[in-house]
Amino acid sequence: MRDVLETLNNPPYDVQKIREDFDFLKVGESPTIYLDNGATTQRPRQVLERVSEYYKSENANPLRGTYHLAAASTEAYEQARKRVAKFINARTKQEIIFTRNASEALNLVAYSYGFEHLEEGDEVLITRMEHHSNSVPWQFVCQKTGAKLVYAELDGDFQLDMDDFASKLSEKTKIVSFTGTSNVLSSEPDVKKISEMAHSVGAIAICDGAQMVPHHKVDVQDLGCDFLALSGHKMYAPFGIGVLYGKRDILQHMQPFMYGGEMIEYVQDFSASYAPLPYKFEAGTQNVGGAVGLHAAIDYVEAIGFDKISAYEQALGEYCAIKLRELGTCNVFHPTKGPRGAAVAFNVCGVHPHDVASILDYKHVAIRAGHHCAQQLHRGLDIESSCRASFGIYNTKEEIDAFIDGINFVRETMGLTK
Amino acid sequence: MRDVLETLNNPPYDVQKIREDFDFLKVGESPTIYLDNGATTQRPRQVLERVSEYYKSENANPLRGTYHLAAASTEAYEQARKRVAKFINARTKQEIIFTRNASEALNLVAYSYGFEHLEEGDEVLITRMEHHSNSVPWQFVCQKTGAKLVYAELDGDFQLDMDDFASKLSEKTKIVSFTGTSNVLSSEPDVKKISEMAHSVGAIAICDGAQMVPHHKVDVQDLGCDFLALSGHKMYAPFGIGVLYGKRDILQHMQPFMYGGEMIEYVQDFSASYAPLPYKFEAGTQNVGGAVGLHAAIDYVEAIGFDKISAYEQALGEYCAIKLRELGTCNVFHPTKGPRGAAVAFNVCGVHPHDVASILDYKHVAIRAGHHCAQQLHRGLDIESSCRASFGIYNTKEEIDAFIDGINFVRETMGLTK
Amino acid sequence: MDLKQIYSSIIMEHSNNSEHKHELEHATHNERGHNPSCGDDIQLHLNIDGDIIKEAAFTGHGCAISQASTSLLCELIEGKTIEEARLACQKFIGMITGDEDDMDELEDILGDAVALQNISVMPQRVKCAVLAWHTLSDMLEK
Amino acid sequence: MDLKQIYSSIIMEHSNNSEHKHELEHATHNERGHNPSCGDDIQLHLNIDGDIIKEAAFTGHGCAISQASTSLLCELIEGKTIEEARLACQKFIGMITGDEDDMDELEDILGDAVALQNISVMPQRVKCAVLAWHTLSDMLEK
Ligand SMILES: Cc1ncc(COP(=O)(O)O)c(C=O)c1O
Ligand SMILES: Cc1ncc(COP(=O)(O)O)c(C=O)c1O
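The listed protein sequences correspond, in order, to chains A, B, C and D. For the record, in the first sequence the residue sitting at position 41 is 41 according to our numbering, with numbers rising by one throughout. Count along the second sequence from 1, add 1000, and you get the number used in our numbering. Count along the third sequence from 1, add 2000, and you get the number used in our numbering. Count along the fourth sequence from 1, add 3000, and you get the number used in our numbering.
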């Protein structure tokens, strides 16, 4: 706890200055204490302004124009792609496919890789803590191909049970798809190790990075996963832009997912050839404004530095978990050992999560309550639903203190204290 | 021509005032004469400001939150859906599915309806003038299901040949998918008639409205089509938001397309049930900013009024076509009879379209050159590619005059005049 | 909004300790109501004799608001005719969605259940409040 | 940029009326180069004898810039060794992408083809200018 307090009291970057960039944090008389960053973050002025600027002076349909504006738009779009490639250390920008969100990225792999490579007898190995976006697509593909979906379970400390994982991995396993950070427990499986293990049986490794990438420096070459999905809106960029990273050799042999403008080469009446990477996977007019916003958001977080962000956010998470445990009135679903991030799931004993969230809302504290798109996990924990407080670069110790006070107020309102 | 000039000289709405709303039209010393609205339009300040405003004070992940901000975000999102429903006169907002763009909307139908309903011996009838986004998905589905793709051809005046269409429609036809307005020729097939004819043989009618909806009042109940696709960015809204309208009865019996968060009801380990309409078709976090922008864009154009917009834009198209024909140095691919819209395709004799566009760009006139994602059409016209000038609410007669002067400059530069 | 008013004693009482929360041995009608997005899941059990709802009970789980609302519903409709129960559903849903605001009439028809009126200021909880009433409606339609 | 400089007499001449635009009866090497996004589509035909490119010609279609560039390429490489042709491709592509700017050296190696240098200010036309040179590169790799 001493380290945690030390970090929170002397943040590695100027958190108050960062807060200034977020108009959202200042709206109204009693601004919201926003602790739902796992769902979506707020956007700094720099991102919103860059997007508006783009629309005001560089806007045109990218990729196809023969006038200078279209070139400007294409340039903005491709610079964003390069920026993402550098951000996650992809080998080339051909490995960066822009999607709508992480869900679409995972569906793309499920459709374009899954359908082509799975057959009866094969297995797809996922974990108990996957977000629906990384489990339901695999249910679908397994149902259609006859492959079997297998779950690796958790240990008692809310971490992935690596023994169980190892025991479920076999020559039958063709695809291993797992989250880099649980959106509920915030436990952080060892992406590198899991990827290696997947490769050792000849399976591909797909990492759902939606919750990992906003909080950690990611190097896909070091991690070794074959695919990585992420969502811009969870890392200070606008809605409507996500990324699928894929190794070039694999992407090159995959069928397209969506068909239409931009992703073709030659179109005959009854067949077509497709554009080279990454365009083969980007059908129709792309969200250039979103890509430009993501570019600005990456610039923004990297200017702070991920070493600092990770350290600070981890301290927020730890502080919150410790404080909640201290209350003695909550069940806290958060690892006490091993890598874990900046989200804390819990339940207030005797109070339904929805009531917790509504009553906290009255105190201007925004958290999330529900199954967090992880029904399999909640069944595994033997609960219906849970509350989750999740943190971003702008949250503070004071906000967590207010949240903890709020929990006491919840109990009071529900008549659980006298 | 007299009528046309009358309309352009006395526009039915205050075009200069509208131009004031578009910062883009004023950027730099010699602002661009933007005649590529068929590719994407510019955005008025009202739309950009509404989106920024949303991010500043209403932003949260929609649909799932139990705090007031999430409710505000959900409300903004659902109001946008209602607005779209009213805009095209859908029966209910359940019939409005937000997508990334028109291409995704058409892919959704191809996957979720096409795959389930097509088999060997069936036919899918499209037209010679479809955008790749409404032909390549059908090539794919036909290849996979064994159905046959059939093209209805054009008549000599660049309109759909209704006799040919009728002769190709049969009991075998299960799907008729056609554009409401050609993005090259701007001819406007009779959506109502085609939908009726499709229904008379038991086929469903899918209308690609990407180029129709920005220019015309659309009433889906009157048109009778079963599906309609549109793209926000072609009607003054941001990139990254599109719409699929579908009749409820049909949507209800369709399989989901993408799987993940938000589109589920209950998720068991190996199977899931899906949310009701429209959520069943919206996987992952949605582009609320985009939807809010589309809402603002619809408000914007409806405040002008589509009767006025259609009349004015049609006059722009007609004026441009007449002027190009008068030059005597161009081939103009634009109907002289029948319904036609605000885009004019042409070639300057002896000059490759890319050279035309580059040289016009030097004169600050932005047009498009290429196959316009319609290779089948260009093959049908026996040309490789073409130029296209396409108009929006803010274009003027003076801009077209400058463009026509530009064509003379093109010929001069290419040494075709002395 | 006054939160205390919403989480009032009536709600606390009904949600924590409802007389009506049990199975019904002689149930003539059973219906499940559920709210996938938040996990509320209830079963209404009725014993209907001719035109009269003789007994009403419920099982299942959910938040305080959905539990209280369900309990208040059972309390209200016991002894009422099917037609009266139908009207109550209609008025209650109208009250929550803000379409009905004649307090005198609402009190007459809904009794203690008017305590839930303030939920209408928490749009994200409306679903919880109306779940039971929609379920009863569906049940009486059949 | 001065557009007239780009669409200079050299380009006009080469694109409209190239001596090299024809089939080659005794071609030893043929290669297609194409640019799907804009429709430029050319075939290079070479007659290579030992180490020497004895004849170079092309067929196909495209914009003035790609046609002129292809014609200039044929003009340049006739009589050159394979190694010289390789170097020319490298320098030409470098010139267009802006990586090479030693004009004296470029003129030495590329001759009339330096007329295309200004294309580098029109990013959207770069593809047209380099098509033939990439095609030749590919060809010589094999
Ligand atoms: C007729 C037509 N259909 C479909 C599309 C595809 O729209 P989007 O690129 O926004 O998906 C376009 C635009 O490019 C179009 O003009
Ligand atoms: C772990 C995880 N994976 C995937 C997703 C899906 O992201 P999106 O909703 O942006 O598609 C989320 C977020 O909801 C998530 O937390």
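Please note: incorrect hints may appear among the correct ones.
[Said to hold, decoys possible] Just so you have them, the derived chain A footprint on chain C, three or more residues with Cβ under 8 Å: (1) 2030–2039; (2) 2071–2084; (3) 2119–2125.
None of these hints come from the bench; they were simulated from the model. Using N, Cα and C, we set each Cβ at its ideal position, and we do this for glycine too.
Against the structure, the hints:
1. For the region 2030–2039 of chain C, the assignment as covered by chain A holds, since 3 residues bring a beta-carbon within under 8 Å of that chain's beta-carbons and 3 suffice.
2. Coverage of the region 2071–2084 of chain C by chain A is violated [criterion: at least 3 residues with CB-CB distance below 8 Å; count 0].
3. Restraint check on the region 2119–2125 of chain C versus chain A: 3 residues with Cβ-Cβ distances below 8 Å, three needed, restraint holds.
When the structure is compared with the earlier hints, a violation turns up for hint 2 alone.
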